[in-house]
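Chemist: Listed below, chain by chain, are the residues.
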Amino acid sequence: GEKVEQHQSTLSVREGDSAVINCTYTDTASSYFPWYKQEAGKSLHFVIDIRSNVDRKQSQRLTVLLDKKAKRFSLHITATQPEDSAIYFCAEGGMPNYNVLYFGSGTKLTVEP
Amino acid sequence: EAAVTQSPRNKVTVTGGNVTLSCRQTNSHNYMYWYRQDTGHGLRLIHYSYGAGNLQIGDVPDGYKATRTTQEDFFLLLELASPSQTSLYFCASSDNRAGLFFGHGTKLSVL
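Chains as they are written, first to last, in the numbering used here: chain A, 50 to 162; chain B, 158 to 268.
It should be emphasised that the hints constitute simulated quantities derived from the structure, not laboratory data. Just so you know, not all the hints are guaranteed correct.
Here are the computed lysine to any residue pairs in the SDA-like style, where the Cα-Cα straight-line distance is at most 25 Å [stated by the list, open to error]:
| # | chain 1 | residue 1 | chain 2 | residue 2 |
| --- | --- | --- | --- | --- |
| 1 | A | K120 | B | G197 |
| 2 | A | K91 | B | L245 |
| 3 | A | K52 | B | L202 |
| 4 | A | K86 | B | N184 |
| 5 | A | K52 | B | D252 |
| 6 | A | K86 | B | R181 |
| 7 | A | K91 | B | T162 |
| 8 | A | K157 | B | L202 |
| 9 | A | K91 | B | V217 |
| 10 | A | K86 | B | S185 |
| 11 | A | K86 | B | G215 |
| 12 | A | K91 | B | V176 |
| 13 | A | K117 | A | Q107 |
| 14 | A | K118 | A | Q57 |
| 15 | A | K106 | A | G65 |
Using the sequences and the hints given, assemble the complete structure.
Modeler: Structural data, given as structure tokens:
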């Protein structure tokens with residue numbers, strides 16, 4: 050089965066509202082959980098990550114929460130803006146190479162004016 | 158900012174054809190990766206390498222070979238292309254600290 054599952058293929062929110070994208074993983078050895086953003090017609094770029102030694106990490110309007118017991122992590126975007134519209138991919142990795150990543154299937158976020 | 162350059166940007170070939178996708182990174186990263194992106198599957202890891210001459214197998218290696226000739230250059234080879242290999246291919250590099258840096262992708266169509 051898939052190492053990481055991303056449960057929403059699409060998500061639509063109104064500008065200014067919050068958006069939450071959820072992922073689950075299967076490997077208890079997973080210890081690194083990054084998120085990547087892909088704008089229409091473009092490549093992916095890194096947005097935020099969290100390691101398993103913490104359960105919350107915030108960067109400006111983005112927050113990642115990690116629930117190791119449930120093997121679940123989520124990306125929270127507050128005060129959404131049209132430029133947040135993109136496909137967001139969660140991923141997981143672990144030792145020995147944090148960057149051998151396995152990606153979810155992506156969530157297309159649309160922020161409507 | 159890490160620079161990862163892929164070529165070609167677009168490629169069309171026929172079933173059974175021979176295709177080489179090229180990737181060059183100019184930031185002295187040790188790790189390089191090839192992913193394919195397909196709707197409903199996200200990105201799937203084909204091969205990766207942690208240095209010149211090294212090759213590691215990813216999740217979907219069947220039908221693909223790869224070669225890391227230098228620290229900068231990583232090639233993906235499809236020796237007998239099939240329609241199932243029609244996809245968007247991304248190369249990425251990393252130094253195992255700061256996330257992956259992706260190229261702009263190569264759109265491959267196998268007719």
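Chemist: Could you run down the list of hints and mark each one as holding or not?
Modeler: Consistency of the hints with the structure:
no., hint, result
1, A:K120 <-> B:G197, "22 Å, holds"
2, A:K91 <-> B:L245, "11 Å, holds"
3, A:K52 <-> B:L202, "12 Å, holds"
4, A:K86 <-> B:N184, "21 Å, holds"
5, A:K52 <-> B:D252, "23 Å, holds"
6, A:K86 <-> B:R181, "22 Å, holds"
7, A:K91 <-> B:T162, "13 Å, holds"
8, A:K157 <-> B:L202, "21 Å, holds"
9, A:K91 <-> B:V217, "23 Å, holds"
10, A:K86 <-> B:S185, "24 Å, holds"
11, A:K86 <-> B:G215, "22 Å, holds"
12, A:K91 <-> B:V176, "23 Å, holds"
13, A:K117 <-> A:Q107, "17 Å, holds"
14, A:K118 <-> A:Q57, "21 Å, holds"
15, A:K106 <-> A:G65, "21 Å, holds"
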